[in-house]
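Participant: Take the given structure of chain X and dock chains G, F, W and H to it, following the hints.
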Amino acid sequence: MMIGKVVSKVVSTRKYDSLQGLKLLVIQPCYGDKGACFVAADELGAGEGELVLVSTGDTAKHALSKNTPIDAIVVGIIDVEPTIDAAGDAGDKR
Amino acid sequence: MMIGKVVSKVVSTRKYDSLQGLKLLVIQPCYGDKGACFVAADELGAGEGELVLVSTGDTAKHALSKNTPIDAIVVGIIDVEPTIDAAGDAGDKR
Amino acid sequence: MMIGKVVSKVVSTRKYDSLQGLKLLVIQPCYGDKGACFVAADELGAGEGELVLVSTGDTAKHALSKNTPIDAIVVGIIDVEPTIDAAGDAGDKR
Amino acid sequence: MMIGKVVSKVVSTRKYDSLQGLKLLVIQPCYGDKGACFVAADELGAGEGELVLVSTGDTAKHALSKNTPIDAIVVGIIDVEPTIDAAGDAGDKR
Amino acid sequence: MMIGKVVSKVVSTRKYDSLQGLKLLVIQPCYGDKGACFVAADELGAGEGELVLVSTGDTAKHALSKNTPIDAIVVGIIDVEPTIDAAGDAGDKR
Chain X
1 MMIGKVVSKV VSTRKYDSLQ GLKLLVIQPC YGDKGACFVA ADELGAGEGE LVLVSTGDTA
61 KHALSKNTPI DAIVVGIIDV EPTIDAAGDA GDKR
Chain G
1 MMIGKVVSKV VSTRKYDSLQ GLKLLVIQPC YGDKGACFVA ADELGAGEGE LVLVSTGDTA
61 KHALSKNTPI DAIVVGIIDV EPTIDAAGDA GDKR
Chain F
1 MMIGKVVSKV VSTRKYDSLQ GLKLLVIQPC YGDKGACFVA ADELGAGEGE LVLVSTGDTA
61 KHALSKNTPI DAIVVGIIDV EPTIDAAGDA GDKR
Chain W
1 MMIGKVVSKV VSTRKYDSLQ GLKLLVIQPC YGDKGACFVA ADELGAGEGE LVLVSTGDTA
61 KHALSKNTPI DAIVVGIIDV EPTIDAAGDA GDKR
Chain H
1 MMIGKVVSKV VSTRKYDSLQ GLKLLVIQPC YGDKGACFVA ADELGAGEGE LVLVSTGDTA
61 KHALSKNTPI DAIVVGIIDV EPTIDAAGDA GDKR
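Protein chains in written order, with my numbering: chain X, 1 to 94; chain G, 1 to 94; chain F, 1 to 94; chain W, 1 to 94; chain H, 1 to 94.
There's no promise every hint is true.
Below, a list of computed lysine-lysine pairs in the BS3-like style, where the Cα atoms sit at most 25 Å apart [to be verified]:
(1) K34(X) <-> K34(W)
(2) K34(H) <-> K34(G)
(3) K15(H) <-> K23(F)
(4) K9(F) <-> K15(G)
(5) K66(X) <-> K9(X)
(6) K66(X) <-> K15(W)
(7) K23(H) <-> K9(H)
(8) K34(W) <-> K34(G)
(9) K34(H) <-> K34(X)
(10) K34(X) <-> K34(G)
(11) K23(F) <-> K15(G)
(12) K34(G) <-> K34(F)
(13) K34(F) <-> K34(X)
(14) K15(G) <-> K66(F)
(15) K23(F) <-> K9(F)
(16) K15(X) <-> K66(X)
(17) K34(W) <-> K34(H)
(18) K9(F) <-> K66(F)
(19) K66(W) <-> K9(X)
(20) K15(X) <-> K9(G)
(21) K66(H) <-> K34(H)
(22) K9(W) <-> K66(W)
(23) K34(W) <-> K23(W)
(24) K34(H) <-> K23(W)
(25) K66(X) <-> K66(G)
(26) K15(F) <-> K66(F)
(27) K23(G) <-> K34(G)
(28) K66(F) <-> K66(H)
(29) K15(H) <-> K66(W)
(30) K23(G) <-> K66(G)
(31) K9(G) <-> K34(F)
(32) K34(H) <-> K9(F)
(33) K66(X) <-> K23(X)
(34) K34(X) <-> K66(X)
(35) K23(G) <-> K9(G)
(36) K34(F) <-> K15(G)
(37) K9(W) <-> K15(H)
Some chain F residues flagged as far from chain H (calculated, every beta-carbon gap over 10 Å) [stated by the list, open to error]:
(38) S12
(39) L19
(40) G21
Rather than coming from a laboratory, the hints here were simulated on the basis of the structure.
Bear in mind the structure is a predicted one, so any value in this text is a computation, not a measurement.
Each residue gets a CB set at the ideal place from its N, CA and C atoms; glycine is no exception.
Pulled out of the complex, with its shape left as it was, chain X reads as follows:
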């Protein structure tokens, strides 16, 4: 799963019927290439600026009760940003 921040939402009138009514959020990754924003479906009610946990791939579709062509979904809203040491030193301070 990836951790990202909700930075915007998608407005689309012409789309597959199965996507009607499904909230689509633009997510900015917290780690790696932070410019590589992507879109995830959301049923949990995540708000802009919140940190979320996103599952990608085929498992995303199975999280929904109906068959929908999505490849990413918010599976959790994160309470507090995880504390991580600088890359390379992570976990070495023990």
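Facilitator: Below, chains G, F, W and H without anything else, positioned relative to chain X:
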């Protein structure tokens, strides 16, 4: 899902029978590596220059009514480009 | 799907039985990281130097009539390289 | 599979019911882009600072006994960090 | 599929039962980011320093006779490294 712009289309005479008649668009990603163009099937009638929402992976195939070896499909045409703050500041202005 | 050029082929004597007789091509991506060559199965008879359309992931396996552990397959041979504006300007000239 | 180090854990109150009680670890990749941390489920009891082997994609979900929307899971805890020559020379000393 | 070189192996005592007895090799990619080593299961008996063909994703799991949470597997041992022109010129000499 990824947001991209339709920049061209694919013309292929020799291909799998199941791909006959299926529109294949070249998509340029809006975020991340913008040079990494890819191809997505389209049943929604997206035109060149339009912004689209693309689902990738196994879910793409299931969006079609017949079994076709595709791994990306346009699932929505985006009305307005999402407003996103510069990477790193996204969502922090609240 | 990805667009790539056939640049070589793979010769492997010791392999899974289900891969026997299946042509395995080395493909160079046309967009993104052009050094990231990969291997795709081919049933269409693509020749070296030709541009091809490649589907990746689980859908590749289902394109074959028998169960084979592949993750990429040539699904079309491209007639003419798509015309794409330089990255960043793509589609903006309209 | 990827090799990574456990560097933190995720705390999330609002999440899918199927994720309740499942430990979610933040993993830092040992190879490639070390800044691209991600989250994996863990049933093996990996502790912070330990090296783990992580499977990603649809196979992760099937490792669990119940249907859960995850895309990465710890499948092994590594005894000793593998010895690898510097990139480019790996295996060439033979 | 990816072409890579076997550069090490993984030793893990605490792991899923279904992984017991399965050889796990560390593979260095031959193309793209050569530092991005990863782990693949091997039933073919590939040795350190050999070039191998690796399938990734859900198809890897189906190559094994039992259900195992892996996402990459060696599907062939390569006889001779494929001859590829320098990136950008590949196939253009015809």
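Participant: If a hint holds in the structure, say so; if it does not, say that too.
Facilitator: Evaluation of the provided hints:
1. K34(X) <-> K34(W): The hint holds at about 14 Å.
2. K34(H) <-> K34(G): Holds - the C-alpha atoms of K34(G) and K34(H) are around 22 Å apart, at most 25 Å.
3. K15(H) <-> K23(F): Violated, because 36 Å separates the two Cα atoms, which is more than 25 Å.
4. K9(F) <-> K15(G): Within the cut-off at roughly 20 Å; holds.
5. K66(X) <-> K9(X): Holds. K66(X) to K9(X) sits at ~22 Å (cutoff 25 Å).
6. K66(X) <-> K15(W): holds, 19 Å
7. K23(H) <-> K9(H): Holds, because 8 Å separates the two Cα atoms, which is no more than 25 Å.
8. K34(W) <-> K34(G): Holds, because 22 Å separates the two Cα atoms, which is no more than 25 Å.
9. K34(H) <-> K34(X): Given pair K34(H), K34(X) holds - Cα atoms ~22 Å apart, limit 25 Å.
10. K34(X) <-> K34(G): holds, 14 Å
11. K23(F) <-> K15(G): holds, 16 Å
12. K34(G) <-> K34(F): holds, 14 Å
13. K34(F) <-> K34(X): holds, 22 Å
14. K15(G) <-> K66(F): holds, 19 Å
15. K23(F) <-> K9(F): holds, 8 Å
16. K15(X) <-> K66(X): It holds: about 16 Å lies between the C-alpha atoms, which stays within 25 Å.
17. K34(W) <-> K34(H): Given that 25 Å is the threshold and the Cα spacing comes to 14 Å, the pair holds.
18. K9(F) <-> K66(F): holds, 22 Å
19. K66(W) <-> K9(X): violated, 31 Å
20. K15(X) <-> K9(G): holds, 20 Å
21. K66(H) <-> K34(H): violated, 31 Å
22. K9(W) <-> K66(W): Measuring from Cα to Cα gives roughly 22 Å; hence the hint holds.
23. K34(W) <-> K23(W): With Cα atoms ~22 Å apart, K34(W) and K23(W) stay inside 25 Å; holds.
24. K34(H) <-> K23(W): violated, 32 Å
25. K66(X) <-> K66(G): holds, 19 Å
26. K15(F) <-> K66(F): holds, 16 Å
27. K23(G) <-> K34(G): holds, 22 Å
28. K66(F) <-> K66(H): holds, 19 Å
29. K15(H) <-> K66(W): holds, 19 Å
30. K23(G) <-> K66(G): Between K23(G) and K66(G) the Cα gap is close to 14 Å, so the pair holds against 25 Å.
31. K9(G) <-> K34(F): holds, 20 Å
32. K34(H) <-> K9(F): The given pair, whose Cα atoms are some 20 Å apart, holds under the 25 Å limit.
33. K66(X) <-> K23(X): holds, 14 Å
34. K34(X) <-> K66(X): violated, 31 Å
35. K23(G) <-> K9(G): holds, 8 Å
36. K34(F) <-> K15(G): holds, 24 Å
37. K9(W) <-> K15(H): Holds, at about 20 Å.
38. S12: violated, 4 Å
39. L19: violated, 6 Å
40. G21: holds, 13 Å
This entry does not satisfy hints 3, 19, 21, 24, 34, 38 and 39, going by the numbered hints stated previously.
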